[in-house]
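Trainee: Here is how the chains run, residue by residue.
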Amino acid sequence: MRIILGLTILLVLGAAFVHIASDVPFGKPAVTDMDDYFIANGQEQTGANNIVTGVLFDYRGLDTLIEATVLFTAVLGVSVMFRKLKEGEQYEND
Amino acid sequence: MRMTKVVRTVADLLYPFCMIFGLYVVAHGHLTPGGGFQGGAVIATATALLIAAHRYDDVSARVKSARMKVFESVGLLGFLILGFSAIILGQPAFRNWMLSRGSLFNDSVAFGVNPGALTTGGLMPLMNLAVGLEVLGALTIITLYMLSGTKEDPS
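First to last, the sequence lines map onto chains A and B.
Sequential numbering from 1 applies to the first sequence in this note's numbering.
Sequential numbering from 1 applies to the second sequence in this note's numbering.
It cannot be assumed that every hint is accurate.
[As the list claims (entries may be wrong)] Here are the simulated distance ranges between beta carbons:
1. A:Gly14 x B:Ala52: 33 to 41 Å
2. B:Thr150 x A:Thr73: 24 to 32 Å
3. B:Gln91 x A:Thr73: 41 to 49 Å
4. A:Glu67 x B:Gly90: 44 to 52 Å
5. B:Gly90 x A:Val80: 18 to 26 Å
6. A:Asp63 x B:Tyr24: 19 to 27 Å
None of these hints come from the bench; they were simulated from the model.
Heads up, the beta-carbon is just placed ideally off N, CA and C, and yes, glycines get one too.
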């Protein structure tokens, strides 16, 4: 019974995903104004041959800064999680 | 636990190539696919390779997490300073003010399809280096902390 239920859910979900995916034409985005602008002017305005880097570090520099800060915060969290216990300190849930 | 001598030797041989490849990806961020984030991740992978082949205690004695914290902080601080240095010159933040001014990284770019030169890009290669330093420090610290569970003599 559970196998039949699982297979049914799988088939329905799969069919839904395939139906949605087959509607979207591959490689033909609906709106390309911004892409065309970057491709046409990116090299001239940022001075980088790699337009992805041009967007990352010039047009969207602030976004990249916050992204780097997110990584910094992640390291902060991990190092708080893996810190050494102080003398006599117990794990909270023990 | 340490791997056999074959694995350890091959890991030692591959380690410098990992580092060099990561540095290449960082330094050519403005010319080829890749950049600071990707190159820093490649360099951090080299440490994971060493830990996989050797014991954790041997590797963590060489790759110090205190030094990696310095790398990380210096990288993020450098990126901040580079990004907002344009404000001091009276320009919008993150503007590439260094472009075609005639010193390091300032050769003017050839437009159109071209292989590119390493000395172009203005502020961008420096930012790539800063971000690469930050990511290399951050991911190495995460790797070291997460694999500290494989430590053999808890001290």
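Trainee: Now tell me, hint by hint, if it's right for this structure.
Mentor: Hints, one by one, checked against the model:
1. A:Gly14 x B:Ala52: 33 to 41 Å: 37 Å, holds
2. B:Thr150 x A:Thr73: 24 to 32 Å: Because 26 Å falls inside the window, the suggested range holds.
3. B:Gln91 x A:Thr73: 41 to 49 Å: With Cβ atoms ~29 Å apart, the hint is violated.
4. A:Glu67 x B:Gly90: 44 to 52 Å: 27 Å, violated
5. B:Gly90 x A:Val80: 18 to 26 Å: Between B:Gly90 and A:Val80, where Cβ atoms are some 40 Å apart, the hint is violated.
6. A:Asp63 x B:Tyr24: 19 to 27 Å: Roughly 25 Å apart at Cβ, these two residues keep to the hinted range, so it holds.
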